[in-house]
Amino acid sequence: MTKITETALATLILQVFQDTYQLQTGGELEAAMTHDTVLLNTGLDSLGFAILVTKLEEELDFDPFSLSKDAFYPQTFGEFVKFYHQNQPV
Amino acid sequence: MSLKHNLDALPGDRELVLSSSGVWEKARVVAQPRNAARLAGIKVALCIADAGVALRALCVLDGIAQQILLLSPAAHADLNISLATRAQCDAVITDDLALLAVPSECLLSVPTIESLIAARAQWNGVVGEKTRWIMTTSGTTGTPKLVSHSFASLTRSTKIDATRGLGQKWGMVYDYTRFAGMQVLLQSVCSGALLLAPNYGMALNDKLMVFSQHGCTHLSATPTFWRKITMIPNSEKLNLKQVTMGGEIADDRILSVVSARYPTSRVAHIFASTEAGVGFSVADGKAGFPESYLSSPPAGVEIRVVEDILHVRNPHVASRYLGEQTVLSQDDGWVDTGDAVSIRDGRVIFLGRASGVINVGGDKVHPEQVEQVLLSHPDVAAARVYARSNPITGALVAADIVVVDPDAEVKSIKKSVESHAASLLERHQMPVLLKVVSDFDVNAAGKLLRNDK
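Protein sequences appear in the order of chains A and B. Note that our numbering numbers the first sequence so that position 8 is 8, with each residue one more than the last. Positions in the second sequence are counted from 1; adding 1000 to them yields our numbering.
Think of the hints as simulated: they come from the structure by calculation, not from any bench. Think of the CB as a built atom: it goes at the ideal place given N, C-alpha and C, for glycine as much as any other residue. One or more of the hints may lead you astray.
Listed next, the in silico DMTMM-like pairs over lysine to aspartate or glutamate satisfying Cα-Cα at most 20 Å (straight line) [claimed, not checked]:
#, chain 1, residue 1, chain 2, residue 2
1, A, K82, A, D61
2, B, K1411, A, E79
3, B, K1435, A, E79
4, B, K1237, A, E58
5, A, K55, B, E1105
6, B, K1415, A, E58
7, B, K1411, A, D19
8, B, K1364, A, E59
9, B, K1414, A, D19
10, B, K1414, A, E79
11, B, K1414, A, D45
12, B, K1435, A, D61
13, B, K1415, A, D19
14, B, K1435, A, D45
15, A, K55, A, E79
Reference listing, derived: stretches of chain B covered by chain A, where coverage requires no fewer than 3 residues with Cβ under 8 Å from a Cβ of chain A [as the list claims (entries may be wrong)]:
#, segment
16, 1399-1405
17, 1420-1433
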């Protein structure tokens, strides 16, 4: 499997994030997501994130949280994308 | 009273079982082999695919053997050997070639009861008061457990009346070695009815064909099986007089679908568990049972609700799993069934297994409850809800559904089912992933497998 670039991942994650956000909160994201957006300030709660991770696993066929050896939870959107990029199975 | 003596009142030519080995009249079932007394006190395991052959072996052994372990012919030979070892069996009678071929110093494998008699002049010699019947729990998860019964405890709710069953033909969809299947076998045989018993491994459509050809009148199956049965072409041609559901929660929808499909039949759902022995049946066509059962118990089985869990008391209950320290019944005889219930509008409704609860970030979800919501959508024929592990909440709810019309457009049905579910479920109960599949697996007891992913 070839690695997906970080930019492509960011686009895909943003799409799934927006879909999940809309389904879970019934509204649109208030501000545009940037590299530094703190995830928990977006309005998506922990159940929402749990759902996001599962939806992403369906899209990407991997879950970085179970693949990564580090006990790490990304805080910003940039870290989140990077975490997915770094933990892609080769 | 032993199994064999219970058949005394039946005429010798009464047909009791139709299995792959042909018709078993009563005389053939109770025929004693020579020197059967040699088997006195033996601990024997049976692993026999053919229900007629097995019934005959049970007739010979009940009242002579110390214990009979019933092994599922559908289970792997290795598992059956480990179960026989755990139950300290002396020998196994089996038509499973893999099991026969296993060399074992402590477990003798033979193909027939005659070969067992020929093998040794004497076993343990002592004839027990009553023979223990050891059954394996099917378990929707984990390894099977051994539970001790007797012919008396297994036939507690059976009306033993040889005249009742004349003309009745009972269909066997279950594995007869399991609790539900054994109930069907014993009830049919002890009432003198004919049991239509195709081998367990046969496909459900083919079993239904056998039932249809031979005029099956009584059919007992799990709600999951009934949902499948109603989807099989020509299943409406069965001319049933009695429909029984058990082993899983019977919801209002499947009860009404089956009642409409078989208008001349009596439709009942039963509550029973291997551990508690048989429970009670409800025939008013509605899910759950009347709250009045808590004060005036049906069929002498006492029922109470403790912290939303159903407890029952049955004087014949096995007090513990074999080979384990876990005590099933407390000293006063009450058994925790592990079934979560709630009381609504004078009705005790089953929510699901307390142990099958999915924990979504601390919120409990009963898969059965979500399944019932999915099943209440008109396009959903069957539903299976299970846990999907998740790094944030520990688990989330996932679901597979089978749709009524296999040619329907999947995307629009999914959308419609999702919005239906969202209107009835809390956020944490909602299936995050909803997949349309063509069929589900069921376990040996006909219960839905909810293996987590």
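Status of the hints after comparison with the structure:
Annotation: proposed proximity of A/K82 to A/D61 holds, straight-line Cα distance about 17 Å (limit 20 Å). A threshold of 20 Å between alpha carbons decides the hint, and for B/K1411 with A/E79 the separation of about 34 Å lies outside it, so the pair is violated. With a C-alpha separation of about 31 Å, the suggested pair B/K1435 and A/E79 falls outside the 20 Å cut-off, and the hint is violated. Distance hint between B/K1237 and A/E58 is unfulfilled; the C-alpha atoms sit about 43 Å from each other, more than 20 Å.
The straight-line distance between the Cα atoms of A/K55 and B/E1105 is roughly 54 Å, outside the 20 Å bound, and the hint therefore fails. For the hint pairing B/K1415 with A/E58, the CA-to-CA distance comes to about 17 Å; that is within 20 Å, so the pair holds. Distance hint between B/K1411 and A/D19 is fulfilled; the C-alpha atoms sit about 16 Å from each other, no more than 20 Å. In summary, the hint linking B/K1364 to A/E59 is not supported, as the alpha carbons are separated by about 27 Å, beyond the 20 Å threshold.
With a C-alpha separation of about 16 Å, the suggested pair B/K1414 and A/D19 falls inside the 20 Å cut-off, and the hint holds. Of the pairs offered as hints, the one joining B/K1414 and A/E79 is violated, with about 33 Å between alpha carbons and a cut-off of 20 Å exceeded. Proposed proximity of B/K1414 and A/D45 is contradicted: the alpha carbons are some 25 Å apart, above 20 Å. The suggested pairing of B/K1435 with A/D61 holds, with an alpha-carbon distance near 16 Å, which does not exceed 20 Å.
For the suggested pair B/K1415 and A/D19, the alpha carbons sit about 14 Å apart, so the restraint of at most 20 Å is met. This hinted pair does not check out: B/K1435 and A/D45 have alpha carbons roughly 25 Å apart, beyond 20 Å. Between A/K55 and A/E79 the alpha-carbon distance is near 18 Å, which keeps this suggested pair within the 20 Å criterion. Only residues whose beta carbon comes within less than 8 Å of a beta carbon in chain A count, and the segment 1399-1405 of chain B has 0; fewer than three means the coverage is violated.
Counting residues of the segment 1420-1433 of chain B whose C-beta sits closer than 8 Å to any C-beta of chain A gives 4, which meets the bar of three, so the coverage hint holds.
Consistency with the previously given hints fails for numbers 2, 3, 4, 5, 8, 10, 11, 14 and 16, ordered from lowest to highest.
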